[in-house]
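Read top to bottom, the protein sequences are chains A and B.
Each residue of the first sequence is one higher than the one before, counting from 1 in the numbering used here.
Each residue of the second sequence is one higher than the one before, counting from 1 in the numbering used here.
Some clues are possibly wrong.
Across the chosen pairs, the derived CB separations fall in these ranges [to be verified]: (1) B:D98 - A:G127: 27 to 33 Å; (2) A:G39 - B:H22: 39 to 45 Å; (3) B:S24 - A:A76: 28 to 34 Å; (4) A:E79 - B:S115: 32 to 38 Å; (5) A:E55 - B:D34: 46 to 52 Å; (6) A:Q120 - B:E116: 28 to 34 Å; (7) A:I128 - B:S24: 45 to 51 Å; (8) B:D68 - A:E116: 22 to 28 Å; (9) B:F94 - A:Y35: 25 to 31 Å.
The list that follows gives simulated cross-link-like pairs (lysine-lysine, DSS-like), each with its CA atoms no further than 25 Å apart [what the hints assert, rightly or not]: (10) A:K64 - B:K59; (11) A:K64 - A:K111; (12) A:K111 - B:K59.
Because the hints were derived from the structure by calculation, they are not lab data.
The beta-carbon is built from N, C-alpha and C at its ideal position, and this holds for glycine as well.
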Amino acid sequence: MIDEPDADEEVPSDASAPPNRQLLSPDILDIEPVYEALGHSRRRYLCYTLFEDTEWSLTDLATKVAAWENDVPDHAVTEDQREDVYVSLYHAHVPKLVDEGVITYDETTGKITAAEHAEQVLTALEGIGASLDANQESHARSDMDEQ
Amino acid sequence: MSNKSDDGIMDEDDPIGSAETHWSQVVQRHYEPDGHGDLTTAIVYAIAAAEGVSPSEIKSPPLYECLDVPAIENAFFGSGVSEGSRQGTGTVEFHYTDYLVQIRSDGWIQVYEPSEPEQV
């Protein structure tokens, strides 16, 4: 076998570069499914639910998305709100995520499970979440300082 | 059939490109880009009304497999589309099961079904 092709691509350590940043590989520019998957709030929500071990049915997910969007508890979601979200998930967002290889959808059971690109998407989502949390923390801190 | 258009200038002509089949409009529904619900939902609700079933019973095929709804949303109702360019009316039509569905850039979604040939 030949040498590992990226053996010589190792980034030389540069004292002036900020730490962490140099660890990112240009491969992140190629991960189309991540951007496609995360390009709509309802798809982000679907991906977010993959963090949990539970296998959700599409009806459960429609309820959860509707609750989240209308800012009410799950049990307060009306039938109309659920149906609205269900239709949009079934006809647009679920097939899109299936197409991108992020989830699989079992038509007969109505269950959604993670597929081969889920890992990448979840990692990106975690990264976004971490930076959001950091922002909110510094916001909170400056609010505290002002008081 | 009553015409619920706000401006009263809806025409009832048969859709273009369907010379052999006669189509009659069964449902029309207005899509509000800034309102509640997305374009996918509005189209499925219109088809469900034509079929006389609840929208969640419209299953096969998923609309995603029939047409690129985000592209239409963007072309007709996107933020880059100025009021002025909406004066002209663009139309996209596609077949969904037995229906012919038209989406107009003025927001009207119209569902047609093939009309019974007249018995002589």
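Of the hints stated earlier, which fail here?
-> 1, 3, 5, 6
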